[in-house]
Amino acid sequence: MKLKRNTILTFIALLVIVVLLFFAEKSLNPYYRRILNLCAIYSIFSVTFNLIFGYTGQFSLGHAGFAAIGAYVAALLTLSPAQKAVNFFLKPIISPLANVELPFLLALIVGGLITAILSMLIAWPALRLHGDYLAIATLGFSEIIRSLMVNMQSLTNGALGLKGIPGYTNLFWSWGCLAVCVFIIKRLVDSSYGRAISAVRDDEVAAEALGVNLFKHKMMAFGVSSFFVGVAGGLMANLISTIDPKVFLFTLTYQIVGVTVMGGMGSLTGSVISASLYTIFLEALRPLESQFTIGSLTVPGIPGMRMVIFSVLLLLVILFSRKGLMGNNEFSWDGLFRLFNRLRSKKGDGSTGGDEA
Amino acid sequence: MTFDSFFQNLANGISLGSLYALIAIGYTMVYGILRLINFAHGDLVMLGSYFAFYGVSMFFLPWWAAFIFAVGVTAGVGVVMEKVAYRPLREFPRINLFTAAVAVSFLLENLAIVIFGGRPKAFSRPPFMDKMLNIGSITFVSYTPIIIAVSLVLFVGLILIINHTKAGTAMRALSKDIETTGLMGVNTNKTIMFAFLLGSCLAAVGGILWAIKFPQINPLMGVMPGLKAFVAAVLGGIGNVGGAMIGGLLLGIVEIMLVAFFPSLSGYRDAFSFAILILLLLFRPTGIMGEVQPEKV
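Those protein sequence lines, which keep their order, are chains A and B. Going by the working numbering, the letters in the first sequence line up with residues 1 to 357, in that order. Going by the working numbering, the letters in the second sequence line up with residues 358 to 654, in that order.
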């Protein structure tokens, strides 16, 4: 009975979201659409970081590099041969790639797969390291990838980047990918694999003693996580339609870590909420950095102010709520109803809301 | 390569390496005590050079006074950073501490953009550092030996402080076990603050010397030296001050020599240092001088 109610509610909610996305895609102006697209892309980044760190406990700082691989693969596969010829004027692109043009879905999947394979190749030796050493090694790999992208002129067009990537990404693609990503990761962490990777996070020695194959489970988490990072990178390339290696500096990884911690380690809901809030918030503050007028007063824009406010907020969230916005709780209908009931029965009782799993 | 240009490159490598080492010491001291990768440390390097720049160009201080002023203010920033952002989080999960460091780093960089402006500024060297020196047939600019000498003096001073003063002993004790050290009557807060103070001073000196060597400063200039110094700290064995010096020197020399011997690979310079780091981590995970910690069950 109760299960049925929740299923119906989920179905209705999904329908509402699809309808909303449909109208957003139809009637919103490109600027707002772009922000909503970015919300989904950053959510994927954050959710995947949560899988690798929040659930599996492997402190990997390779996200920016992995996203770069996905972005470049998807971009190179979707660029038309004519555009490629325009882009690669310093050095021609290596031959088989010059004439390849794939449909978007295929490009995304290939991008994800190549990212997953490369990241697992990296993880294979690196996962012998623990904690901070793993973090440093993956950060190093991420920078090496970026450095290769600057230098491999005939494959990536080097520091010039790629321009004129077709803007296939729309709200259905981005939110659809996010939905698939969240669904798969949620199913994964709720399965026996999920129990095993949580065990790895909490105590590797104990998990191993209980028969969990550490290497296999870490690799799996790494592979799944970086597959979706690659897909998100591809979405990003086809959203902003120009990419260059500077987009994927390790500061991108730091932002993802900050957003995920703000949302709550071990809460996919928290990751999505936090990433969306972050994206919207940064855009909402954009006027601060361009010239604006109050009455007859013209205030010059203050570049850098947005990130100042963001970092202060990030610091405040960490200082005053050690578990982030959602802790390790997920959104659920039962939790929502409990919250409503609680709010109704004890209004002003000082109860501390929040959804419970 | 001729003998002379080899020595020229070697001197260049040592001076770059001493800068890495100066910055790496701050990383390693903080990591040794708090197990925190303080990513904001690189930004103290930037602050140091900016304060020196403004000391000269705005307050018209003589260069030596401006440098002392810059070191003092940067040390102040470092201490405030510890007190406001890191101290309250000491008992929290380590990811929170790490994220706080990321937040502080973003904050410092963007505050610098807001206050100092995003455009690069030209740092003017004190006149005596611009002279060409000839020793035999080897030519180098006079700041190269000055950087090496200043770093050497600071290294020796720091080792004396760590090994032969009460505060230094307390710091070494803290890096073994914070709680027990506190129970034995050491004021942990003060000692950690002292570690940050020392680290920030060295970062500021590193920043000023960096600006003398590469006389163009911008708000993000601390990021790459910071990351490299961090690599150096890990190379040497993070948590180990002597290791940080060796790691820094090694990294500087290797980087310069790579570019000198294989000019075609110069684009891969950054990738190369990370590759060294990863190789070392795989074969000797605790770095050159680090202690191997047994796995506890």
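Among these hints, one or two may not hold up.
Calculated pairs, DSBU-like style, for lysine-lysine (alpha carbon to alpha carbon, straight line, at most 35 Å) [what the hints assert, rightly or not]: (1) A/Lys163 - B/Lys478; (2) A/Lys246 - B/Lys570; (3) B/Lys523 - B/Lys547; (4) A/Lys323 - B/Lys570; (5) A/Lys323 - B/Lys478; (6) B/Lys533 - B/Lys547; (7) A/Lys91 - A/Lys323; (8) A/Lys246 - B/Lys440; (9) B/Lys488 - B/Lys547; (10) A/Lys323 - B/Lys488; (11) A/Lys246 - B/Lys478; (12) A/Lys4 - A/Lys246; (13) B/Lys533 - A/Lys216.
To be clear about the criterion: a stretch of chain A counts as covered by chain B if any three or more of its residues have a C-beta under 8 Å from a C-beta of chain B, and this derived list gives those stretches [as the list claims (entries may be wrong)]: (14) 124-131; (15) 148-159; (16) 314-323.
Derived from the structure by calculation, the hints contain no laboratory data. Since this is a predicted model, take the numbers as computed values, not measurements. Don't be surprised by glycine CBs; every beta carbon is placed ideally from N, CA and C.
Structure-based check of each hint:
For the given pair, A/Lys163 sits about 31 Å from B/Lys478 by alpha-carbon distance, which is consistent with the 35 Å threshold. Distance restraint check for A/Lys246 and B/Lys570: the Cα-Cα separation of roughly 25 Å lies within the 35 Å cut-off, and the hinted pair is therefore satisfied. As the CA atoms of B/Lys523 and B/Lys547 are separated by approximately 12 Å, the hinted pair is consistent with the 35 Å bound. At most 35 Å may separate the alpha-carbon atoms for a hinted pair to count; A/Lys323 and B/Lys570 exceed this at roughly 44 Å.
A threshold of 35 Å between alpha carbons decides the hint, and for A/Lys323 with B/Lys478 the separation of about 41 Å lies outside it, so the pair is violated. A hinted pair counts as satisfied when its Cα atoms are at most 35 Å apart, and B/Lys533 with B/Lys547 qualifies at roughly 17 Å. For the suggested pair A/Lys91 and A/Lys323, the alpha carbons sit about 50 Å apart, so the restraint of at most 35 Å is broken. Pair hint A/Lys246 plus B/Lys440 holds up; C-alpha atoms about 33 Å apart against a cutoff of 35 Å.
Of the pairs offered as hints, the one joining B/Lys488 and B/Lys547 is violated, with about 43 Å between alpha carbons and a cut-off of 35 Å exceeded. Of the pairs offered as hints, the one joining A/Lys323 and B/Lys488 is violated, with about 56 Å between alpha carbons and a cut-off of 35 Å exceeded. A hinted pair counts as satisfied when its Cα atoms are at most 35 Å apart, and A/Lys246 with B/Lys478 qualifies at roughly 22 Å. As the CA atoms of A/Lys4 and A/Lys246 are separated by approximately 49 Å, the hinted pair breaks the 35 Å bound.
For the hint linking B/Lys533 to A/Lys216, the alpha-carbon distance of about 34 Å falls within 35 Å, and the restraint holds. Only when three residues or more bring their CB closer than 8 Å to a CB of chain B does the claim for the region 124-131 of chain A stand; here the count is 4, and the claim holds. Against chain B, the region 148-159 of chain A contributes 3 residues with a C-beta closer than 8 Å to a partner C-beta. That satisfies the three-residue criterion, and the hint holds. With 5 residues having a Cβ less than 8 Å from any Cβ of chain B, the region 314-323 of chain A passes the three-residue criterion, so the hint holds.
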